[in-house]
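Enquirer: Sequences listed follow chains X, E, W and A, in order. Residue numbering for the first sequence follows our numbering, beginning at 407 and increasing consecutively. Residue numbering for the second sequence follows our numbering, beginning at 407 and increasing consecutively. Residue numbering for the third sequence follows our numbering, beginning at 407 and increasing consecutively. Residue numbering for the fourth sequence follows our numbering, beginning at 407 and increasing consecutively.
Treat the hints with care, since some could be wrong.
Pairs count within a copy or across copies, as identical chains cannot be separated in the list.
Heads up, simulated PhoX-like pairs for lysine-lysine below, C-alpha to C-alpha not over 25 angstroms straight-line [unchecked claim]: (1) K518 with K558; (2) K617 with K647; (3) K575 with K427; (4) K490 with K532; (5) K575 with K518.
In case anyone wonders, no lab produced these hints; they're calculated from the structure.
Protein chains: 4
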Amino acid sequence: MTEVQTFQDSQPTQDRLPKVKEIIDRVGVSGLRTGLKLTNSAGSFFTAEIDLFIDLDTERKGIHMSRLVESINEVVSKGSRQPKDSFEMLGLDILTELKNRHKYSNGEISIKTTLLLRRHTPVTNKPTDEPYDVVVGVVSRNGTFFKNLRVKAVGNTLCPHSLETTKGKAHVQRAEVDLWVEVPIDVEIRLEELIEICEKSFSSPTYTVLKTNDEAAVVEEMFRNPKFVEDVARDCFRLAKNLNFKGKVRIRATSFESIHKHNAVSEIERAFL
Amino acid sequence: MTEVQTFQDSQPTQDRLPKVKEIIDRVGVSGLRTGLKLTNSAGSFFTAEIDLFIDLDTERKGIHMSRLVESINEVVSKGSRQPKDSFEMLGLDILTELKNRHKYSNGEISIKTTLLLRRHTPVTNKPTDEPYDVVVGVVSRNGTFFKNLRVKAVGNTLCPHSLETTKGKAHVQRAEVDLWVEVPIDVEIRLEELIEICEKSFSSPTYTVLKTNDEAAVVEEMFRNPKFVEDVARDCFRLAKNLNFKGKVRIRATSFESIHKHNAVSEIERAFL
Amino acid sequence: MTEVQTFQDSQPTQDRLPKVKEIIDRVGVSGLRTGLKLTNSAGSFFTAEIDLFIDLDTERKGIHMSRLVESINEVVSKGSRQPKDSFEMLGLDILTELKNRHKYSNGEISIKTTLLLRRHTPVTNKPTDEPYDVVVGVVSRNGTFFKNLRVKAVGNTLCPHSLETTKGKAHVQRAEVDLWVEVPIDVEIRLEELIEICEKSFSSPTYTVLKTNDEAAVVEEMFRNPKFVEDVARDCFRLAKNLNFKGKVRIRATSFESIHKHNAVSEIERAFL
Amino acid sequence: MTEVQTFQDSQPTQDRLPKVKEIIDRVGVSGLRTGLKLTNSAGSFFTAEIDLFIDLDTERKGIHMSRLVESINEVVSKGSRQPKDSFEMLGLDILTELKNRHKYSNGEISIKTTLLLRRHTPVTNKPTDEPYDVVVGVVSRNGTFFKNLRVKAVGNTLCPHSLETTKGKAHVQRAEVDLWVEVPIDVEIRLEELIEICEKSFSSPTYTVLKTNDEAAVVEEMFRNPKFVEDVARDCFRLAKNLNFKGKVRIRATSFESIHKHNAVSEIERAFL
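Only chain X is shown next, with the shape it has when bound in the complex (with noise of 0.2 angstroms):
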């Protein structure tokens, strides 16, 4: 097959002078759908949506895009012989067999998939399995390896000013926390906790089944923990605080309020040094 050979022999296109000699921040894959197993706590196998990039010099018009995609089939089929126990960890492995394949200078992946989480209900103790969006990021810059852990909870707000206003009646609505760490890669920080941060921030949390005094117990916690979106994040914050890390922290809390069209949103960002 002459063809297959001139493919070979010849420089391929990736790694001829680019036209613009600028350097590419950020090149690499998006949106790849693939199967993950794990070790942890939360479940053990999770369909995830992965994105890799690396950087790319002034001296190559392209990178090897394949590669990418390899080191993470790579990663993914032998975790799937030895599970790791962490998304992280996976991540750390995927960027470390990269580089292997293909230089870079700076690397970073996230997967994103749904965490299960086993709650009870408040009254009759009923198990239900609870879903949470989770982003877990690996960053390599400059050879110093971060993770960004970024989780998203649903709960509820009731309105403490119309709780005053209206005399013992309030609007309430659906809210969400999206709570996002980052921190060097070897700190000790778990989604789970991320996540219990979160629900604890709400007014009250949300459960998929809920018998008549499960219901009757969760409203009457909403009444107890009147909250203003800002309420919400501050005491998420407050919470994130006591992790008691090195690194950043962002929160934004929102609440799809049910006297309005639109939503009412808080953010704190801090970093922790």
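Model the placement of chains E, W and A on the given structure of chain X, informed by the hints.
Expert: Same frame as chain X, but now just chains E, W and A:
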């Protein structure tokens, strides 16, 4: 230009026989965004997303897609000089214009946009423009024209069961009604009256701006009108029935539960003969 | 606990007469996310999004929503100990379990998830797990069960008209086939074979990883199989017809045009009696 | 009305001390949809989605959300009588109006809408209105105003590597450039010129309508301009640099690969001092 003549002289690829001889029910363009001008009360200029489909017999490989887009552009262009007074008249004109340019038996167009309607807050009477997603369709079936009007409105539900079991407290949440009617093209139904029907079906309508006394009035109204998502669908249906038309109606009420991560849904479908 | 007894003794709000006496066609939960275990070949564990609806007569104000969720949780929990071999068997079990807990005439469940299927690249024969969105529905209509299988596959189209007019050059684009069949529950059709049908309908299938020689083979295949979006729908229909079942089929092929900002779409709907 | 007076006399809930004394970086409304009028060349009326945030000190429990919406409504209402000539002037007016109604140190607004710009097809010179998503932001940081202009344009990429290895054949796909610049508010940059820069970065721009000869010209242009997603980002950067402004620029080019189910992405971020 020999090349150009070649295209014009030979039979276009689209007009050849297809290998598989099957009728195509709908073929055309989707997600085409353009600007539309109207003389109606709800505003004058709209950015809309258009789907336009026709059928195709067994003797031709493909339709001439560009003629569909030319028909849209032609009518939109005329309409910007002499605006029509409804989306369905624009849709009808596009299907008629297309008939001159391309053979078809059945055709359909749908126009998706956002209406802004003037409302006033309940106590302080402040003016506010509220947004509503709408889809207006025109269907030509064997020479007869029908129109589909679909509107979505955002309101709220207050749970009647919860209100009883927790004695005056209750969970509340944002809710949506999606109301769809199909009628012969000459039946007089306006998007504005369908939207009003949706808004009357909730525990309370919603507003972009609410001062403290307005907010209190909305909360009081919610607590006076506790509704299951079933009640929202039924009330919407009852009001739609009062319009007294012959045609089809479909209602989907969705309650974005504040005590759950999932939604509660209720649907009614009927034909009025 | 007097309060709790109060709830149990009195007639629940749901069981009272509604003001508007209309049948609700579908009422229940949507977007409930949970984890499902199967013994089938395409994997073992799935995060799924479930919609579960029943009808409601004119004599009761509301359904008991929590019983729907309990039925899901009960079957999912049993299924994690003794996995079923298909989503439709899980769906059937949930509708059956629900019958013991809540009166209904018509019920339907839909389970939305992602399948990962093993493929191999065309030249280097590398293994790759490709993702496919699927929705499996089970419908109970007056005691008879039907299943809906819906799959989406991503491939591409190469324009035959363009290939002729520009003499060997052509525009290519990502494309999608959405194939839906409804059959009696005992008809043997598997999601995997529907996905294969979709993939055979494109100019070429797509892969997560492609080495240079694989990529060349995919490009050559595209240029050997120029297809309008009409051809994709027809080829998909021809292959689906070969499955030789009695039921309904609906195909929607979408081409995300590389020369336009909008899409080209082609649909075929048929009933096989 | 005793009740109303009660609200006015007492200290509103929002103005009390919060339990957790932390600054809120951004609090306000998101997803508020309204209609905007402009005198600019790209059209006259726009349905826009607005986010408006301010910061909040440690001494107050909450902001007065309704004042944010009132500021938007006030400026929009004035603007419909005396239209401004840019979205950033509307944003600046809203932040200024808000200053009169509510105390804040930092504020920001973002206005998301769709521009329709007149283009002409390459050979037959047909007029066509092409849609572009844009987001215009205005940020007030300690009294200094900046603007963010973000535009998205849809074009295509033709793979240079594939063009070589398959000798004149190549895979092509829809692509997108997302270009974002942040500059002091008085720097003269228009959305229209940013969109032009994006469109010049692709293998070819795209059009709503293309007759056979236009389509051939677009395909020929693609094959004359093979580009990796890296080349798209670099060319966009080179053209943006030519605008010769002081500020920040961020480019994200995405190629919706026709040979893969995932995307290829390339990003460049720079500050011009």
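Enquirer: Look at each hint and say if it fits the structure.
Expert: Comparing the hints with the structure gives:
Taking identical chains as interchangeable, the C-alpha atoms of K518 and K558 lie at most 25 angstroms apart whether they share a chain (11 angstroms) or sit on different chains (21 angstroms). In this assembly of identical chains, the alpha carbons of K617 and K647 never lie at most 25 angstroms apart, being 35 angstroms within a copy and 35 angstroms across copies at closest. For a Cα distance limit of 25 angstroms, the shortest separation of K575 from K427 qualifies neither inside one copy, at 64 angstroms, nor across copies, at 27 angstroms. In this assembly of identical chains, K490 and K532 lie within 25 angstroms of each other by CA distance solely across copies; the values are 24 angstroms between and 31 angstroms within a copy.
Neither within a single protomer nor between protomers do K575 and K518 lie at most 25 angstroms apart by alpha-carbon distance, with minima of 39 angstroms and 35 angstroms respectively.
Of the numbered hints given earlier, the model fails hints 2, 3 and 5; all others are met.
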